[in-house]
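J.: Listed here are the chains, written in short residue letters.
2 protein chains.
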Amino acid sequence: MPIVKREEIELQEVKMDGVSKTAKANVIGPAQGWSTDTLRVFRISPGGYTPHHQHDWEHVNYIMKGKGTLTIGGETREVAAGDFALVPPNTMHQFRNSSDRDFEFICIVPERGAY
Amino acid sequence: MPIVKREEIELQEVKMDGVSKTAKANVIGPAQGWSTDTLRVFRISPGGYTPHHQHDWEHVNYIMKGKGTLTIGGETREVAAGDFALVPPNTMHQFRNSSDRDFEFICIVPERGAY
Chain A
222 MPIVKREEIE LQEVKMDGVS KTAKANVIGP AQGWSTDTLR VFRISPGGYT
272 PHHQHDWEHV NYIMKGKGTL TIGGETREVA AGDFALVPPN TMHQFRNSSD
322 RDFEFICIVP ERGAY
Chain B
222 MPIVKREEIE LQEVKMDGVS KTAKANVIGP AQGWSTDTLR VFRISPGGYT
272 PHHQHDWEHV NYIMKGKGTL TIGGETREVA AGDFALVPPN TMHQFRNSSD
322 RDFEFICIVP ERGAY
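So the sequence lines, in the order shown, correspond to chains A and B.
The first sequence begins at 222 in the working numbering and counts up one residue at a time.
The second sequence begins at 222 in the working numbering and counts up one residue at a time.
Derived from the structure by calculation, the hints contain no laboratory data.
No experiment lies behind these values; they were computed from the predicted model shown.
Wrong hints could be hidden among the right ones.
No copy labels: a pair is met if it fits in one copy or bridges any two.
Unchecked claim - Distance condition first, Cα-Cα at most 30 Å in a straight line; then the derived BS3-like pairs of lysine-lysine:
#, residue 1, residue 2
1, Lys236, Lys286
2, Lys245, Lys286
3, Lys288, Lys236
4, Lys245, Lys288
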């Protein structure tokens, strides 16, 4: 039965230039039978951030826990548990956690954007 | 800024054979810039269910709120907030809410499976 419980997901620290205090896990992707995309879970600890970068694919996001900021194309907005976002392709973007609690979200990318 | 707050999402009752007490909204899809898939939100009220059916595309699910059951290929398991699931293509499946609270989940489908 292809069900994954949150507690079964083991996040690994992301070691990449421009990333701080961020861990991730690939939860559903080609290995699980999703042929086109990969659903990843990210956790940014307080003070952490993802890279301020861009690429030619979009992100589809859902905020699962906590709150943080999302910068897209120079505009920054707060996002919190329950919010959805689409980061367009070829647009600079960054998630940051300036709260004092963990900030967790889903990030879906096409296969060429998964790592 | 392509952010959608949960409270902005207006769910519409699903009127389809085999469906009971279920509402949904398409949140992110081609109209919002996701070229390949559609992310929908479903809410099943207590006692409700989605159709027991199958199709040739997969579902990717995340349980946002409450709990219910997911039947895939004759096996039924409880799923609750925080769980992920992949419903394989060409496999009979159904969500049911036998709890006394609303059961809400994300359901992602490729464009040909969106309605």
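J.: Against this structure, judge whether each hint is valid.
T.: Going through the hints against the structure:
Only within a single protomer do lysine 236 and lysine 286 lie at most 30 Å apart by alpha-carbon distance; the minimum there is 22 Å, versus 32 Å between protomers. Taking CA atoms no more than 30 Å apart as the test, lysine 245 paired with lysine 286 passes in both settings, with 14 Å inside one copy and 22 Å between copies. With identical chains, the CA atoms of lysine 288 and lysine 236 are at most 30 Å apart within one copy only, with a shortest distance of 22 Å there and 35 Å across copies. Taking identical chains as interchangeable, the C-alpha atoms of lysine 245 and lysine 288 lie at most 30 Å apart whether they share a chain (17 Å) or sit on different chains (25 Å).
Hint compliance for this structure: every hint is met.
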